[in-house]
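Here the protein sequences line up with chains A and B, keeping their order. If you count by the working numbering, then the first sequence holds residues 1 to 289, one letter each, in order. If you count by the working numbering, then the second sequence holds residues 1 to 119, one letter each, in order.
With a straight-line Cα cutoff of 16 Å, these simulated EDC-like cross-link-like pairs (lysine to aspartate or glutamate) come out:
| no. | chain 1 | residue 1 | chain 2 | residue 2 |
| --- | --- | --- | --- | --- |
| 1 | B | Lys86 | B | Glu58 |
| 2 | A | Lys273 | A | Glu173 |
| 3 | B | Lys86 | B | Asp57 |
| 4 | B | Lys86 | A | Asp156 |
| 5 | A | Lys283 | A | Glu111 |
| 6 | B | Lys86 | A | Asp244 |
To list a few chain A residues with every Cβ distance to chain B over 12 Å, as calculated:
| no. | residue |
| --- | --- |
| 7 | Thr65 |
| 8 | Val66 |
| 9 | Glu100 |
| 10 | Gln105 |
| 11 | Val109 |
| 12 | Glu111 |
| 13 | Gly123 |
| 14 | Pro124 |
| 15 | Ile128 |
| 16 | Lys133 |
| 17 | Pro177 |
| 18 | Ile274 |
| 19 | Lys287 |
The set of hints was computed from the structure by calculation and includes no laboratory data. Backbone N, C-alpha and C define an ideal beta-carbon position, used for all residues, glycine too.
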Amino acid sequence: MSQPTAAARAAFHAISRATSRQCTRSMSSSTARAAPTKRPTAPSPAKFQTQPYQPLVQRRFKYKTVEEAKSRYRSGPFSWKAGLLFVITGAGLVWYFENEKQRMQRKRVAESSKGVGKPKVGGPFSLIDQNGKTVTDGDLKGRYSLVYFGFTHCPDICPEELDKMARMIDLVEAQRPGGMTPVFVTCDPARDGPKELKDYLAEFHPKFLGLTGTYDQIKAMCKAYRVYFSTPTEVKPGQDYLVDHSIYFYLMDPEGDFVEALGRQHSPDQAAKIILDHMKDWKGVLKSN
Amino acid sequence: MGLFDYFTSSSPADKRATEVRTGAVAPTRAERDRCWVARDAYFACLDANGIVDALKDEKAAAKACGSVGEEFERDCAAQWVTYFKKWRVQDIQKKARLKELEAQGANKMDIQTDFAERK
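Just chain B, same shape as in the assembly:
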């Protein structure tokens, strides 16, 4: 039930993938990593097309990043997809606000709330 089973589309792997998507089971480390990779690819596409809120601009997002978006939805639990899309909006707003504050000469605190670097 590893990473490669997904590409062979054998029935137990499909079942497992569906379970992960619906949230019936918690994803394993490999499944999580795959989801994060898909997420990063999708977000990169949104960045390239200047889309901030993929939930609000659903049509534009589907048009510009349809295929990566499908992969994102295939590899992640449905709840996670929504969560990450919302998180993206908040993160962009936060970064903009930080930039604004920095321009005003605010002090920077050493706090990391970003997604950590992955290998």
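Only chain A is shown next, with the shape it has when bound in the complex:
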């Protein structure tokens, strides 16, 4: 037990020593074996005198026997302690860098979409919610918001995506109550009034904020969020039609800046994780409930 310990210590000393002293050690160690108690009368003493360095001579006395000294050279700088230290340090560094890499990647995603000056996605708006109350972009600030565009007559994709969104809301709510506002914006303002939105969204999640407005307001909103939508032209009153629109969830930060778009490739769990990770990274103040 004491031998490997001594060996490890010796190895540490040896590594910390500068390479210029390497030759000194080999010379003195040869003399150490010959006459351990005698100070070496090394050549070029002037050089040694100028240096205050002497521990090499003292270290000689750490080995009580020649066998001990020999064993240190047999095992070299490796011992189980050195190995353990190496593995732990390595694992720690790998963990740290992986963690940091992921954080930087999220930061980059969030930063990349943050335009200089005017935000690239999102912006000011003034619409009415499912209760007929006016809602502006200012009301959404202070919390993350997840914005989805759709329409109540949507045949398949929106209902599925809204169910997915409801699942995401639950997952995020479980960890960050009130940390996120789920927003549904209709692309079909002609048919989706506050009442229609209220009935429709109640079937998905009670937390939904449904937004509608005039055609021009919705058009401006969709443009701000870079959402493509097309309502057929020349619709007669009472005629049915479908609206074509983009199907992304837009994650907006508490300052109203766009963070990331979540698409159909994300499962609710993956999406919730992405949202929660972004929330973790947020340095500013967050409203809750």
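Start from chain A and add chain B according to the hints.
Coordinates of chain B only, in the frame set by chain A:
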């Protein structure tokens, strides 16, 4: 105004069903689910009879899947019926193309554009 009212054919339920069909009101969750079930039954019938485009091969589709087709049209908004029929054609083409690409050794991406699994 639930699912079962449809079978009693009372007049408010009939009115509601007509409204859903014409697109005057947005369907509820139950109405949507019923439409999707009818759609899946109709598509299964088309599959069994080897019909891809129910709009183009209207006569063949009506002959082979007349009764399920009527149910499909009864339970879904007229716009949805057309949409789903068109979607079916595109979906079959897409799947064929994917198969072709896979045979050529293309890389698969994890994207789901299918109708999600329903309970």
